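There are 2 protein chains.
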Amino acid sequence: MKTKSALAFAEAHRNENLDRLISFLSIPSISTSPEYQPDIERAANWLVAQMKAMGFNRARTFRTPGHPIVYGEWTKAGKDAPTLLVYGHYDVQPTDPDDEWLSPPFKPTIRGENIYARGASDDKGQLYTHLAAAEAFFGAGSQPPVNLKFLIEGEEETGSTNLGPFVEEHAEMLRCDVAAISDTEWVNPATPTIVYGVRGLAYLEIEIRGPKSDLHSGLYGGAVHNPLQVAAEMLAALHDEQGRVTIPGFYDKVRLLSDEERAELARVPFDEEELRAEVGAPALWEGEKGYTLLERTSVRPTLEIHGIGGGFTGAGSKTVIPAWATAKVSMRLVPDQKAAEIADLFTENIHRLAPPTVRVTVRRYGMADPAVIERDTPPMQAAVRALRRGFDAEPVFVRSGGTIPIVTMLNEELNVPVVMMGFGLPDDNLHAPNEKLNLDHFYRGISTVIHFMTELAGQS
Amino acid sequence: MKTKSALAFAEAHRNENLDRLISFLSIPSISTSPEYQPDIERAANWLVAQMKAMGFNRARTFRTPGHPIVYGEWTKAGKDAPTLLVYGHYDVQPTDPDDEWLSPPFKPTIRGENIYARGASDDKGQLYTHLAAAEAFFGAGSQPPVNLKFLIEGEEETGSTNLGPFVEEHAEMLRCDVAAISDTEWVNPATPTIVYGVRGLAYLEIEIRGPKSDLHSGLYGGAVHNPLQVAAEMLAALHDEQGRVTIPGFYDKVRLLSDEERAELARVPFDEEELRAEVGAPALWEGEKGYTLLERTSVRPTLEIHGIGGGFTGAGSKTVIPAWATAKVSMRLVPDQKAAEIADLFTENIHRLAPPTVRVTVRRYGMADPAVIERDTPPMQAAVRALRRGFDAEPVFVRSGGTIPIVTMLNEELNVPVVMMGFGLPDDNLHAPNEKLNLDHFYRGISTVIHFMTELAGQS
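Quick mapping for you: the protein sequence lines, in order, are chains W and E.
In this text, residue positions in the first sequence follow this note's numbering: the first is 1, and each later residue adds one.
In this text, residue positions in the second sequence follow this note's numbering: the first is 1, and each later residue adds one.
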């Protein structure tokens, strides 16, 4: 009865939910660049205001050495009701290259079935479904069947640096029976997808210093080692011809898939040509030989170059041997690799590769360990039933290639079952121009979360 | 007598010459970027005004599809007097990285024995010695012993694109007996240096396009080939472990040095450790095995990477597989390599190296053929005597690693003997922050040019 009325309330208030999502998406809460600090604060305060207006008994921001963490709770469902911790993040990726956006990234725009804006899918739109679901119970004159705790950070896109210490310090406040996260995508538009694993991340930057200043390439070419050439040669040496990462020890702790897991993954409905057309590359990459594409993007570790700095990249030509070069590199990790160990192996390897003609420094950015979650638990089955009802389709379980640092903290350290029940689609353009969220998924996502809360409480 | 009075006039007007050099150096005539177009015009007009004020019978700018070419002449030395064509360029390199300049690049600043500014050595300061020498004759109440033609372009730093057609079209106007260029450096601070060869240049840009937009590296890493990885691997493949360029056919037309030339080069006073300390690299590069450092930087061809674009190089981290990568690459060429042929070989090689996962385009920027000039000619010997007098030291002959496109045009096509008599020093920071010119070299350079004009006319 409560569920039905909450569903009806959400249905009747689609426009209000869309308006509020638009106001949330309009805040350029980019976490990677200090100039957006005021917007980070605005986004955090916006969430606090929403939760207060909704009737939460507590909602506030917590200062950290970085961006504030938003926490809100409503714990009046009773002692027997389970407690659900919802995690999300209000920060977003940078928007460059800006000239490739068809509408401004922070002017949310509806085109066709989608709303376009930075953060639409990752993660503001998905996070908002949980707020809207809770509100639907209140709005319908009843109350949620579970106790609710919302933990919303502003540093997910920069490696969740301050989240770990916060979770440790506030373990009592965050105590819960289950955690839910909507920050993932479906394998295809027809198949609701529960993610039961995330890859870890080790993000590093290499700095290569050669001469003390830029030099004329005609006068010094052949005498002074070009740091960009050194960078290209070291970066090229990080993969072999089989697409494998060459860092000694890199694969040592990678857990092999069971035959059953491989068979299951092979059954996931997936069309490589569709993916190729969607990304627009002339051909997909074979990557690490001996593994299927879905294996390579979820259960195998990878290494990517994100940018190479130094020298001259402006319009026209400049004949310079640059004084320095930098390279940003990250590795996606799988169980049982540890981010700190892999960062050590990477750093040792770079120093081994570096020629005596340059000085090399390696810096660390975000670090996160990978996680895999049990699937045959009551919360996971509650999510299966909720997705079935919300979308009239049978969900699948997959491991994601992405990284959500909180998952490891909750699952491995606090022993809380984590349900990753996302509403994104594979073509949502995460971290890219023209990020979007399908509006039908947004509305059905709200219904699904209503069902999920009900299922968790065993009241269906 | 004329010579003595001209020398005395120059000596007495050091301050005026310095002031005028400062005003010339204050114009940010950067040729590589369209935003400096008005400054390019200012620099060209400044030169015209100088020549008019000095009493030249003709001085004007010529429009080209690019930056204007300045031409001025004084041809009243009589039919029997030889005609000297002075070539220089009023354009300068970009100034980045700007934060490494100790004083602003276009606010000429004297520190110690030097004047610091972009263009101080390359080429405004060196070019100005010829103007000041001519003026010294007029100022002393007489006139230069040779007919003078000044050809000063504004595109040397962008490959002299429009100079070739201009020289062809105005062959009659530019007719001369000898050409002089002061746009080169000495091998060390004690040894006046005449350059008798320049390397050619083929400057290209590779564009590598993979996916149609930037992608999330967690979700697509392992499935989509990273264009920056492709760039690193292709660029790394351009040198082998012997430091040789691997482009098939690259060395086919390289003229081998005679034993005599090698022996002569080995006698050039040169200290590798001094060079290493000057450039500040932890060690010099061995480069192409089997050749000495001076050979590698002058008589052997090289390949340099100038910049790698694409992805994210800002502060912090961004986990992106970029849609594209670019690389700016140039090759310095030696006789009998031809720039157009080498550009073809490079392009073919890049397409051969490109994997099917990306689309690759190669664009051409500046192209210039190499040149070597006869040394036992009267104008070269006139330069030897002039340098001896100007600097009280014995000059040496070397081939430069740099590129001056006009040299090939004059020497190979118009059959004019070219004398490259530079006043720069090896630590002038050409194309780099804190470019400078030694002031003693500036004043002695003026005297040397006065001697040179006299020697050419056979009036010493």
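Since the hints were derived computationally from the structure, they do not count as laboratory data.
It should be emphasised that the depicted structure is a prediction, and the values quoted were computed from it without experimental measurement.
Careful, some of the hints might be misleading.
Same chains, same label: a pair holds when it works inside one copy or across any pair of copies.
To be verified - List of simulated lysine to aspartate or glutamate pairs, EDC-like, C-alpha gap at most 20 Å:
{"id": "1", "residue 1": "K52", "residue 2": "D19"}
{"id": "2", "residue 1": "K76", "residue 2": "E295"}
{"id": "3", "residue 1": "K289", "residue 2": "D240"}
Here is what the structure says about each hint:
1. K52 to D19: within (18 Å within a copy, 70 Å between copies)
2. K76 to E295: Neither: 43 Å inside a chain and 83 Å across chains, both beyond 20 Å.
3. K289 to D240: within (10 Å within a copy, 26 Å between copies)
Taken one by one, the earlier hints fail for this structure only at number 2.
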